[in-house]
Amino acid sequence: MYSSNVIRMLETDSDTDLIAAVKGGNQRAFGEIVRRYEGIVASTTISMLGPGSEAEDAGQETMIKLYKSLDLFKGQSKLSTYVNRIAINTSLDSLRRRKKQMSRFFSMTDDEGTKWDNYIASDSDQGRDFELRQAIGKAMTSLKPEFRAVAVLRLIQGFSTREVADMLGIEKGTVLSRLSRAKAQLADGLREDFGND
Amino acid sequence: MTDIRTQYLIERAIDGNLTSEEQQELQDLKVRHPKLESQISVEVNLANLMKGQAPSSFGPDFHVKVIDQIAREAESRPVLLDTDFVDRLWNLFPKVGLPSLGTACVFMFANASAAAAEIPIIDALFGLPSEQLLIFSIF
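Line order of the protein sequences matches chains Z and H.
What the first sequence shows, in my numbering, is residues 1 to 197, in sequence order.
What the second sequence shows, in my numbering, is residues 1001 to 1139, in sequence order.
What the hints contain is simulated information worked out from the structure, not anything from laboratory work.
Every residue, glycine too, gets a C-beta built ideally from N, C-alpha and C.
There may be inaccurate statements among the hints.
To be verified - List of simulated lysine-lysine pairs, DSBU-like, C-alpha gap at most 35 Å:
1) H:1035 <-> Z:23
2) Z:100 <-> H:1051
3) Z:172 <-> Z:74
Unchecked claim - Computed spacing ranges between beta-carbons, pair by pair:
4) H:1052 <-> Z:76: 23 to 33 Å
5) Z:173 <-> H:1035: 19 to 29 Å
6) H:1034 <-> Z:96: 40 to 50 Å
Next comes chain H alone, as it looks inside the complex (with noise of 0.2 Å):
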């Protein structure tokens, strides 16, 4: 087994990292351990070899797998007020008044599972100018 440094020293040489002064060790160390060259030509092609080669795909349901899954614990996840929301409705109120921040809200509670639909409502709600969330408030 090679040693701590000397190994250091094959693996900055594999990155083509070594310092002039490394680059003088590697070689000192070369011709006091004749094998050394050979052993890092072997650790050379061993990494240039490997790299990369793992299968890199799960096949074509993972994807959905995992998307389901995460819907699912958003559903069974309570609704909490997260500072980030708080913040927003609070800045909402004075360009909308009460009664749109209100029906916000109840849209925002009526979708209890808005964390598992594709765009949460809130947003939806957030990016109408205020007469049309007025008037989407009438509804």
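This is chain Z alone, in the form it adopts within the complex (with noise of 0.2 Å):
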């Protein structure tokens, strides 16, 4: 086991420092990444999945991901970016798989609604920032997936446009029209929720 102090000092860690200790094979270095890095995670695997086990799935996937491939790390990007590069595809393979096994039987924006319905918040999450954060999850479903991607990335994440780019590994011009394309939608489904404030 590890002391206090040890534990403090992976707190206080930069995530370069984190990172070359994983490489190490320090495994309590991975734990404290995935402490600081799971806010970032499910925010991005619960928009794009809504909330559930298929986003909690997603979540562990991407750690997973995140842990087998950070040899491959160099650090040219911040580690937020490429564990969102991470998460934002491996909920798009979600969602394609999810689309392979559901589609013939089931509407898929229809199940995705009752998990919004169905989302229980925590203490803390009561009132109108909850009721807000479930009319823009239940926004989204009315999202195709690769739209909902990119407004994931730019309007609830805050990356740019340049960066949401990289992270698709599609064109900026692209990112901008899908972006257009789903602020439209968004705006027109938070408006039938919130009036048109």
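Could you fit the two chains together into a complex? Lean on the hints.
Shown next as structure tokens:
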């Protein structure tokens, strides 16, 4: 077991130090990376897949892929960008799998809408923020996966259009046109829930 | 749907990154397309509304599940001598001599699941001064 001093050291280490420690075989350091980036991964996979086990599985898969690929990470981008790239592509893979499995029997959008309806907030999530998250989540389900990915990265995670293009491996012009359509659809969806404000 | 150039300018405006030329270009576009002003305000509101608005946790077990899964994968992976490991052994050799080095290797392979352990045993050995390592090797 590690002393509390070692744990405190890990908490204050930079991402670069943690990555070096993981490469040296220190799994505790990877635990700290998971703790640091769970929020980013959760907001990406849940926004893409809706709340529930599918998003959590995609989150775990993201972390495992991150662990296995840390040797390839050269630090040319921020770790948050690298993690998000894995999370968004894992979510897109998951949506493709889901489409194959379910499209013949169910409407994907209905299934996702139900997930958001069933989404139960923790105490700290109650109130207008919770309602807003739920409304945004449901509005997201109206978007096709490729539009949704752009909206999640740009609007929720706040990446630049250049970064979004790099993460998805598409042209910046494609990001901008998808963003334009996604925003128009989202604004319509949110107007239904929140009026014209 | 907005054309790509206009959308580019809107995104730059949202990020607060417009150059003076781009600012002028956007101003000219607003004059030519009066509805653009309200569209930009909708998009700015949408950006402000949505930023960071997503559930940001999977729940208390997530961390444990990931670490467990990694530990399981590490256990099932064959032990490999990577170049870093070989370099470190080579550098240690003149310092502690063959018996201790042999002991370190025995410990490493005896703990084949060392990759899953919290501190690989070899790290612990390497951190010791050579005298302690020699004493340790007796056991």
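Here is how each hint holds up against the structure:
Pair hint residue 1035 (chain H) plus residue 23 (chain Z) does not hold up; C-alpha atoms about 54 Å apart against a cutoff of 35 Å. A hinted pair counts as satisfied when its Cα atoms are at most 35 Å apart, and residue 100 (chain Z) with residue 1051 (chain H) qualifies at roughly 31 Å. A hinted pair counts as satisfied when its Cα atoms are at most 35 Å apart, and residue 172 (chain Z) with residue 74 (chain Z) qualifies at roughly 24 Å. Judged by the Cβ atoms, the range 23 to 33 Å given for residue 1052 (chain H) and residue 76 (chain Z) holds: they are separated by roughly 26 Å.
In this structure the hint that residue 173 (chain Z) and residue 1035 (chain H) lie 19 to 29 Å apart at CB holds, the actual value being about 23 Å. The given range of 40 to 50 Å is respected by residue 1034 (chain H) and residue 96 (chain Z), whose C-beta atoms sit roughly 42 Å from each other.
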